[in-house]
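Peer 1: Going down the list, the sequences are from chains A and B.
The first sequence maps to residues 1243 to 1336 in the working numbering.
The second sequence maps to residues 41 to 236 in the working numbering.
For the record, the hints were derived by calculation from the structure and aren't laboratory data.
Glycine is no exception: its CB is placed at the ideal position from the N, C-alpha and C atoms.
Take the hints with a grain of salt, since some may be wrong.
To give a feel for the contact side, a few chain A residues facing chain B, derived at Cβ under 7 Å [claimed, not checked]: (1) T1246; (2) L1253; (3) G1271; (4) V1276; (5) A1282; (6) E1292; (7) V1294; (8) A1298; (9) A1302.
A few chain A residues that don't get close to chain B, going by computed Cβ distances all over 10 Å [said to hold, decoys possible]: (10) H1247; (11) S1295; (12) F1296; (13) M1299; (14) I1305; (15) A1307; (16) S1315; (17) R1319.
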Amino acid sequence: MNDTHTALNRLFSAARAARDTRTEAAPYGFASRVVTLARAVPNSLHASYENVSFKAMFFACSIAAVVLVVNTSSLVRLVSHDEPTTELVDLSLD
Amino acid sequence: MSEDQSFDLAGCLQRVRTRDQIAARELVEHLYPLVIRIIRGHLPRRVLEQDIAQEVFLKMFTRMDQYQGAVPFSHWVSRIAITTCIDHLRAQKRRPEYRLADLSEQEADLLEATAVSSNAIGPDDALASRELLFKLLDQLNPDDRMVIQLLDLDQNSIAEVSQLTGWNGSLVKVRAFRARRKLQKLFSELKKKEGT
């Protein structure tokens, strides 16, 4: 294991000597692109909020539709009967 | 970081906070060398470094309000870059097991040379050594790889690694100990394969 440790250390030392010759300057237009995207981030948050709101509205409408379907028979019965649902009470003093 | 010592970072940050686009562009151009060095140093060559750099800068801008000035701004950005690299390493699920046949002739010679002496590795072998080392590091999990690179390759102190990664000192030490053991095992296995 000690030999391995030494050999590995030699490999690390040699690797440290490697120099990256690639340019480190930002490519043309990179900064502008990033800044434009960064400014768009609040909009995308807005868009996702909008998306969630639409989903919530759709869900609420679905529930309302289901409730309507389930209670259709009661509603139809209610509409078809001519009898008044509430009794009129004469409150006059005469 | 950039060698441009005349850059007024504090003033630039203040202007960025007031949504000054020119200042934001200057900040990106100033920090790009720092960010790209971290990305190149910690991710394989096959990754699209500009895409990762863009991700780092977008995180920097969206989290700008969280920067309290407790550490230099460049350290804060370095930390974002390091954690972004770790996330990308985690996303690469495949951890290849290298065989001697996968190594180039120069890398195989290097593997042999490491057993002899430091003099056996010539100055021209630096790049090949780095490639060979990266092939070994590729087989570690992302956290182990990062700790080994930051400590043993970049020669940062425990405190610096702790600051860059957000891990506490004890965790860095324990992780480094385990990662070195794994790396030694992988290295000796590769050498055994070479011997057969």
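Peer 1: Mind listing which of the numbered hints don't hold for this structure, in increasing order?
Peer 2: Going through the list in order, the structure violates hints 3, 5, 6, 7, 8, 9, 10 and respects the others.
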